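A.B. asks: Next come the chains, spelled out residue by residue.
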Amino acid sequence: MITLQELHKIREEKRKELDLRVNTKADTREKHILVCHGTGCTSSKSPQILENFRKILKEKNINNVRVIMTGCFGLCAKGPIVIIRPEDTFYAMVTPEDCEEIIQTHIIEGKRVERLLCKDIDGKIVNSLDELNFYKKQKRIALKNCGVINPENIDEYIAFNGYEALERVLREYTQDEVIDIIKKSGLRGRGGAGFPTGKKWELTKLAEGKQKYVVCNADEGDPGAFMDRSILEGDPHSVLEAMAIAGYAIGADKGFIYVRAEYPIAVHRLKIAIEQARNYGILGKNIFGTGFNFDIEIRLGAGAFVCGEETALLESIEGKRGQPRVKPPYPAQSGLWGKPTLINNVETYANIAQIILKGAEWYSSIGTETSKGTKVFALGGNVNNIGLVEVPMGTTLREIVYDIGGGIPNGRDFKAAQTGGPSGGCIPKEHLDTPIDYESLKEIGSMMGSGGLIIMDDTKCMVSLAKFYLEFTVSESCGKCTPCRIGTKRMLEILEKLCNGEGEEFDIYKLEKLAVNIQKSSICGLGQSAPNPVISTLKYFREEFRQHAIQKECKALECKAMSKITIDPEKCKGCGLCQKHCPVQAIEGEAREKRTINQDKCIKCGTCLTSCPFHAIGN
Amino acid sequence: MQENTEKNCCTEKVIDFVKNLEKVYKQEKDNLISMLEEIQEKYGYIPKEAQIELSEYLGIPMAEIYGVITFYSRFTLEPKGKHTISVCFGTACFVKGSKKIMDRLTDRLKIEPGKTTDDGLFSIDETRCVGACGLAPVFTVNGEVYGKATVQKLDQVLDELLKEESN
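Chains as they are written, first to last, in numbering that gives the first Met the number 0: chain A, 0 to 618; chain B, 0 to 166.
Treat the hints as calculated values from the structure; they're not laboratory data. These figures come from a predicted structure and were not determined experimentally. Think of the CB as a built atom: it goes at the ideal place given N, C-alpha and C, for glycine as much as any other residue. Check before you lean on any hint, since a few could be wrong.
Which residues of chain B face chain A? A partial, calculated answer using Cβ under 8 angstroms [stated by the list, open to error]:
#1 Phe16
#2 Ile32
#3 Glu36
#4 Tyr56
#5 Phe70
#6 Ser72
#7 Arg73
#8 Thr75
#9 Leu76
#10 Gly89
#11 Ala91
#12 Lys99
#13 Asn141
#14 Val144
Mimicking EDC-like on lysine to aspartate or glutamate, the simulated pairs with C-alpha atoms at most 20 angstroms apart in a straight line are [to be verified]:
#15 A/Lys600 - B/Asp154
#16 A/Lys488 - A/Glu501
#17 B/Lys25 - A/Glu501
#18 B/Lys98 - A/Glu314
#19 A/Lys253 - B/Asp29
#20 B/Lys28 - A/Glu470
Here chain B stands alone, though its shape is the one from the complex:
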């Protein structure tokens, strides 16, 4: 989860982390996605150093690894902001108006979904169903689910986060 992610870390740490993974995962090509998952979880993105290390260990060309990373939406090449706000775009949430929540969010933060604010504080994501359809529409802030969401509720949460950051 987000709390565990370490940002702006140095090259050696990343390589150490991947080397530790190598003790768990065998030198087989099909372990690529599982190893990428662990790296994404830890750092919030896939650093280039990690890709080089993986390429050597698994014997997969860098281009192919890049292909896999960009194919799957869970992997990103850019670090995420401090707070990730995701709006669920599963059908149940869409029907109950999650578009309005997202419109408000992009309006206020002035960035598009998938992007991070210049100050590195916020990232916005469109997620697929988080599974809390009974609470639709839903948005999550750093993994915590806010159900039965309204534009007001979003404003409230956002205001609190901004206040917290300005202190």
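Here chain A stands alone, though its shape is the one from the complex:
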């Protein structure tokens, strides 16, 4: 337990000490080497990089340099990332072997290690983080602390106004005042559906019942989305603080975080954060001496996508099969163990403390008329700058793909972007200039979703993409209601027929009919939205479905049953690169001769396609 005075003292002292993290002109002799410890960089050995730095610094007896682990910087494509502050030097794709050189050249000699400096898409060397095009159009609110603080150290969170919002709420505001601020800010649920957050809080507060609960939905199941994970890994205390604020506002003393067990790093850091907050008396009984009690427990998800649906999540917390309940009653009236329960998603919570500190007006000045604030996207697929981006609502898809994402690699063309994962839809080229907000995306047949944003180039087959999502929903359907359990399976079978070259034109009609029926008659959001990937691809890429059904042709070469890879003898220069790369020795021909493909051996993996420098291989 610490007193409020002690908390303020920590904040003041630590803030001075950490000034160099955010101020390039900080007056200090110290340097901080920040090593990204998000899941992406950790997978490419960033913990070893951190170890090496510490070891070398110790050996060389350098005392004014600290090595810090941080959360995700966002530009995962360039990982592992090392940033040296205060000068803000950005080293990309660092290996454990590079540490020695960085210490020697950068720290001791005061020069930059040129070969490791990050290069932008245009090949320009980037001297500091802010120079990167990737960051220029971003605005970081939910990710404010990611990549700045050590997520396993509560003092660093406190230094950057951490737990100040909670203190202000408990000491100065009534419950209704807090709810009013959130309502005025215009914040809407970031989990996908976009329900106004303040309204949800109000409904739960008004619900009758002594015992109420606050739940954080961190069951980020959308494949290809990692926003919530990055927030939990990079800034776990922001979620704890917001949950406590929510607890005060609705009158709850207990919170649960339901997090995927597939996120071991996030779970680990959450556990540390909760422990530290308890030790400081920020969680527990009589917080800040105001008489308010609040504590948080973690519950692990066990790999079921449907548990991201709020009522299924509640069932799972109760230790049961995660099958959705029929709504109404909504969780605000009858949630965990039948008690009024507030459920928000991680990213929604990550905005709360900022809104309290900076005011509802500030927040609602960002974004569009109906969608306020920022949205975090996990940008992935065929785009140069894969990573985590946070942009004001209303930013266009074109800005995200080309300005922030750096365009499509290998000189290919943009074909479609997929938002909302298995519940969302595809956005084709002609809608690249659509501003991203809840309403606009819905209008063009997609949805905001939780924030997965997958870019596809012109080599992707949209029928097989639709099939991929249906495979996902079929295996994740909980089985409770018939339209979803059987209907999605039937849809998948039709798509399989099309991809195997056994389809017919009538199948397309059947697909559409089924899709509409499933949308209308399923119990929960999973079923109601499961046909979306099919409906939207049919809407924009109908011709491709017809090619599969009628001409039995997959122009993208993805549907193996229909594809036959051949080498154009006109273009082949006989370099033999394809032969060298072929994993099954299916390419025949002697040195400097034109090559041919033995169709019996070919497994249509497409490796030769990408290896040919003369674009001589196709179908």
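With chain A fixed as given, assemble chain B onto it according to the hints.
C.D. replies: Relative to chain A, chain B alone:
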């Protein structure tokens, strides 16, 4: 993680392990999933002895426990192979060609995803996003992530494992 899993253990050990869990977890039904997680982590599957013990402790019928185990994809009723190779099927990996990696893997090991080879050496899994989208496509071998994967890279890793096993 995989290194900690103990396979082919005897009944008493399993029951002892569950009894130890009982000291940590209260006798409340909502602890079922958390306790199953620990058992899965330790043994790589949920042995029947553990289910019986849990059923008695938490007062939940065996059928219901079976229902929960089969509902969640993290729990399995069969022991895993010595090496688990998982191919990520998150959208980012799918778009970058993880299907080709999986096709090659099932081709070479002659088993379907979710199954274990007869010699008990390899299990193959399709996993949802492991979160290393910057390295897509990704496969993992016993929890270790191999990024920017190609069919060649998979072959290389598989060849090494097979060589290691034949020695």
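A.B. asks: Hints first: check each against the structure and report whether it holds.
C.D. replies: To see whether the hints hold, each was checked on the structure:
Taking 8 angstroms as the C-beta contact cut-off toward chain A, the hint placing B/Phe16 at the interface is violated, the least distance being around 18 angstroms. The criterion of a C-beta within 8 angstroms of any C-beta in chain A is met by B/Ile32, whose closest approach is roughly 5 angstroms, and the hint holds. A least Cβ separation of about 6 angstroms between B/Glu36 and chain A falls short of the 8 angstroms threshold, and the interface hint therefore holds. Interface restraint check for B/Tyr56: the shortest CB-CB distance to chain A comes to about 13 angstroms, outside 8 angstroms, so the restraint is violated.
Because the smallest distance between the Cβ of B/Phe70 and any Cβ of chain A comes to about 4 angstroms, under 8 angstroms, the interface hint for this residue holds. A distance limit of 8 angstroms between C-beta atoms decides the matter here; for B/Ser72 the minimum to chain A is near 4 angstroms, and the interface restraint holds. Of the supplied interface hints, the one on B/Arg73 holds, with its beta-carbon coming within about 4 angstroms of a beta-carbon of chain A, less than 8 angstroms. Of the supplied interface hints, the one on B/Thr75 is violated, with its beta-carbon coming no nearer than about 11 angstroms to a beta-carbon of chain A, more than 8 angstroms.
At about 14 angstroms, the closest approach between the beta carbon of B/Leu76 and any beta carbon in chain A exceeds 8 angstroms, and the interface hint on this residue is violated. With 8 angstroms as the threshold, the beta carbon of B/Gly89 comes within range of chain A, its nearest partner Cβ sitting at about 4 angstroms, so the hint holds. About 3 angstroms separates the beta-carbon of B/Ala91 from the nearest beta-carbon of chain A, less than 8 angstroms, and the hint is met. At its closest, the beta carbon of B/Lys99 sits 5 angstroms from a beta carbon of chain A; the interface hint therefore holds under the 8 angstroms criterion.
At a threshold of 8 angstroms, the smallest CB-CB gap from B/Asn141 to chain A is about 14 angstroms, leaving the interface hint violated. Contact between B/Val144 and chain A, as hinted, is supported at the beta carbon level, the nearest pair being about 4 angstroms apart and thus within 8 angstroms. Of the supplied pair hints, the one linking A/Lys600 and B/Asp154 holds, its CA atoms being roughly 17 angstroms apart against a limit of 20 angstroms. At most 20 angstroms may separate the alpha-carbon atoms for a hinted pair to count; A/Lys488 and A/Glu501 meet this at roughly 17 angstroms.
Distance restraint check for B/Lys25 and A/Glu501: the Cα-Cα separation of roughly 56 angstroms exceeds the 20 angstroms cut-off, and the hinted pair is therefore not satisfied. With a CA separation close to 33 angstroms, the supplied pair B/Lys98 and A/Glu314 exceeds the 20 angstroms bound. About 15 angstroms separates the Cα atoms of A/Lys253 and B/Asp29, which keeps this hinted pair within 20 angstroms; it holds. About 33 angstroms separates the Cα atoms of B/Lys28 and A/Glu470, which puts this hinted pair outside 20 angstroms; it is violated.
In this structure, the hints that do not hold are numbers 1, 4, 8, 9, 13, 17, 18 and 20, in rising order.
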